[in-house]
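Residue numbers (this note's numbering): 355 to 591.
Hints may be right or wrong, so weigh each one.
[Stated by the list, open to error] Each pair of labels, with its calculated beta carbon distance range:
id : residue 1 : residue 2 : range
1  : I454      : G383      : 26 to 36 angstroms
2  : K443      : F480      : 43 to 53 angstroms
3  : A563      : L384      : 12 to 22 angstroms
4  : W367      : F469      : 44 to 54 angstroms
5  : Q450      : S393      : 16 to 26 angstroms
6  : N401      : E491      : 27 to 37 angstroms
The hints are simulated quantities; they were obtained by calculation from the structure and are not laboratory data.
Backbone N, C-alpha and C fix where the C-beta goes; we use that ideal spot for every residue, glycine too.
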Amino acid sequence: MPELLPQLKHFKWNKALYADLLEQGLAMGLMSSIVSIGSVILQSSVNTFGAVIISAQTAARRIMAFALLPMTAISASMTTFASQNLGAKRPDRIVQGLRIGSRLSMSWAGFICIFLFFASPALVSFLASSTDGYLVENGSLYLQISSAFYPILSLLLIYRNCLQGLGQKILPLVSSFIELIGKIAFVVLIIPWAGYKGVILCEPLIWVAMTIQLYFSLFRHPLIKEGKAILATKLSS
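Given these sequences and hints, build the entire structure.
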């Protein structure tokens, strides 16, 4: 197919394109840096609880990372899907993809929440290579409480990646600042009073705040409004 063969015009310098790519890259890099800084701050607080809690936290976080893989994969595909249909000028398909992706991600979140509620003690004990009751209890508690918020986290990931696919640079970055400020607030104000339960509740409650911000940011976007209007017209006709 001739249209698939590169031509000389395709190798010309496109200032606007490269500027946009640079801005996107800097925004995503800054977002990752902010998330990492917040994680280090939170971990510094965890370290004050001693070796057993650190081991419980480490085992629980590893299980959590594995459990969230399908959600992160679905949300990553949302970035590509949104950007492709942005280029194709099909906002209705972006909205459809958003709905389907949200349902798939929330379905997995619901399943893994139930699974971890029952299986977390055995998983923590296996991964930590320990039968210490205090370690297993706290690692399991971390997974059982945080997994109850996985449906919210699934929406957070979908919304943020969709905004990135739509070319938004600032709005996803705002959610990262919310995360950083929230973790600092927990470390300074709540964890010293609530103990390890404050550590457990830190990220889930921040997920709620981030999801609210991303929800209003996404569904106020002109393309999402346009896509919903197109779908509503199709359904009524």
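Hint check:
no.: 1; hint: I454 <-> G383: 26 to 36 angstroms; result: holds, 30 angstroms
no.: 2; hint: K443 <-> F480: 43 to 53 angstroms; result: holds, 51 angstroms
no.: 3; hint: A563 <-> L384: 12 to 22 angstroms; result: holds, 19 angstroms
no.: 4; hint: W367 <-> F469: 44 to 54 angstroms; result: holds, 52 angstroms
no.: 5; hint: Q450 <-> S393: 16 to 26 angstroms; result: violated, 34 angstroms
no.: 6; hint: N401 <-> E491: 27 to 37 angstroms; result: violated, 19 angstroms
When the structure is compared with the earlier hints, violations turn up for hints 5, 6 and for no others.
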